[in-house]
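So the sequence lines, in the order shown, correspond to chains A and B.
Counting with the numbering used here, you get residues 7 to 248 for the letters of the first sequence.
Counting with the numbering used here, you get residues 802 to 1091 for the letters of the second sequence.
If you're looking for bench data, these hints aren't it; they were derived computationally from the structure.
A portion of the hints provided could be inaccurate.
[Stated by the list, open to error] Calculated pairs, EDC-like style, for lysine to aspartate or glutamate (alpha carbon to alpha carbon, straight line, at most 20 Å):
| # | chain 1 | residue 1 | chain 2 | residue 2 |
| --- | --- | --- | --- | --- |
| 1 | A | 207 | A | 117 |
| 2 | B | 1017 | A | 51 |
| 3 | A | 16 | A | 199 |
| 4 | B | 867 | A | 116 |
| 5 | B | 863 | A | 51 |
| 6 | B | 1017 | A | 49 |
| 7 | A | 38 | A | 15 |
| 8 | B | 863 | A | 116 |
| 9 | A | 16 | A | 151 |
| 10 | A | 16 | A | 90 |
| 11 | A | 218 | B | 998 |
| 12 | A | 207 | B | 1078 |
| 13 | B | 1017 | A | 56 |
| 14 | B | 1034 | B | 998 |
| 15 | B | 978 | B | 1019 |
| 16 | B | 867 | A | 117 |
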Amino acid sequence: MTALPQTTEKKLGLVIDLDTCVGCQACVTACKGWNDAGIGLSDQDPYGADPSGTFLNRVHSYQVAVPEGPAQVVTFPRSCLHCDNAPCVTVCPTGASYKRAEDGIVLVNEDACIGCGLCAWACPYGAREMDAAQGVMKKCTLCVDRIYNETLPEEDREPACVRTCPTNARHFGDLADPESQVSKLVAQRGGYDLMPDMGTKPTNKYLPPRRKGPGEASPLAPLMDIKATGIAGWLDRMLGKI
Amino acid sequence: MHPAPSVVLFSTLSGLGFGFLAFLGWGALNATGWTAFFLWGLGYGLAVAGLVASTFHLGNPKNALKAFTQWRTSWLSREAWASVATLLILAPVALSDIFALGLAQLVGQIGGALALLTVLTTAMIYTQIRAVPRWHHWLTPVMFLTFALAGGAMLSARGWAPILLLTLGAVLFALWKVGDGAFARAGQTMGTATGLDRLGVPAVFDPAHTAGNYLKREMIFVVGRKHAAKLRKLALALASILPAILLLFPLGPWGIALAAFLHLAGALAARWLFFAEAEHVVGLYYGARG
C-alpha cells in the first residue's frame, strides 16, 4: 500500500559531510557498480558522443560567494533522502513505491512499477530516475541488499557509497536513535534538511561546510613594497614628478 | 516539465471527451438512432482515445491493471477508477438514447457527475505536486474542469456554450498570471535546495554530469519557452474567443464542428504550455533558476 507508515521503528539514512567531501565521485561509481550488479542500472551509448545512464547518486559542485573572503567550492552529493513524508510514495498508483515501517527505507517494487514517472515528478530532489532500458523507476535502496546481508563481512554491511568514501564524508546509521553516531554528528555540526519548506521531512542530513575565515594576507606581501635605490630610485622619483 | 505528446494528447482529448459525456449523461441529446449513436460514439471515442494515448507514456505498461489498487492515496489510481466507472455507467444510458429505451434519468445524472469527477482526478494528479509550484494551485483543477464544461457544452450545442468558452479564456488568463509568480512565491532557490544559503550565494561550478539524463530530459525542459507569449495569445484565441464568436451564428452542425476543431487546436496549445512552462524545483540543482 502506498500509504505512508505512521511511524517507523528506525530511520536509517545517511549523513553527508559537505566539509569533508572532496567530490572524487567514488560514491557515484561504487553505487553504480553495486546496484548495476543488483537491480541493473543501464547506460545508453556509454562510449559514444551522447552518453546517458541511470544513476542513484550524483555529485554536483557549487561555488559559493561568501560575504567576506574568497569564494568557496563545495561538492555536493545528491541522492534519495528517504523522507518521512515521502511524496513519491503516496502518488504511486500501483503500490510499487513504498516506505518500510521497520527501518524507513523508501523502495520501488519493480515487479509492480508501470513506469509512469509520477513519483519522479513528485520528488523535489531528483532522487528518482527512470531506467531507459527497463522502463521502471530506479532509486537509492540504501543498499538494502548489503546492510542486512549476513554473507558479507560485518564491515561491508553499509551502503556502497559509505563504504567506499575515501574521506569518510558519508555516514550511515539510525537517525531515530539520538545516541547513534549519526545523530550525534547532526547535533554537533548542525546537520540540516534540504528544502525543508517542501514538507517532505527528509531522513538524510547534510553537515554544512565550515566557514574558512577571511583570506590571510599573502606571505609575499612585504616584498611587494619595494623601495628602489640608485639609478632606479632616481628614475622612480623623476617619473613620479612628470 | 517535458510536454510529452502522449500526455498532452491524453489530457486534452479525454478532458473534452469526458466533458461531452457529462452533457450527454445529463440528457443534452434529443436525438435517437444514428445521430445519437454518432454523438455518443464521439464522446466515448475522445475519452477512450485519450486514455489509450496515456498508456504510451508508460515505461512498463504490462502492469497497468495494478494502477487500480492504490485509490486511497493516489490520484492517478483514482483517475483509473473514475474513468472506468464513468464509461461503464454511461454505457446503458447511451444504449437507451440510441434505441429510445427510456432509461431512468438518474443513471445519466450519476454518470455525468462521474465524468466530471474523472476530469477532476486528472487535474489533481498535477495539482498535488508541490515540487512544481506552477501546478500546485486551485486554479489548475478549475482550468481542467472549465475546459471539460466549455468543450462539452460546445459539442452538445448548448445555447450558453459561448459564455463558458469565454469563462475558459478568463480562467486561462488568470492561471498564466498567477502561475508566472508561482515559482518565486514557493521560495525555493539553489541556496535552499543545497542548504548552502547558510554559507553564501551558490552558483553552479561544474555540472554533475556533462551529458543529459532522465531528470534533465523530463523535468528541466526549456526548449520553446521563447514562443510562450505568442502561444498564449494563440491558445486564447483558438480555444476560447474564436469558437465563442462562431457559435453565436446559427451555422448548424458544421459550425459546431469548425468551432470544435479550433477549440481543440487551442486546447492542445494551452496544454502544451501547461507542461512546457512548468518548472520543477529539481532544476535548481542544475542552475535552471537562481
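#### Entry: Hint check, failures only
1, 5, 7, 12, 14 and 15
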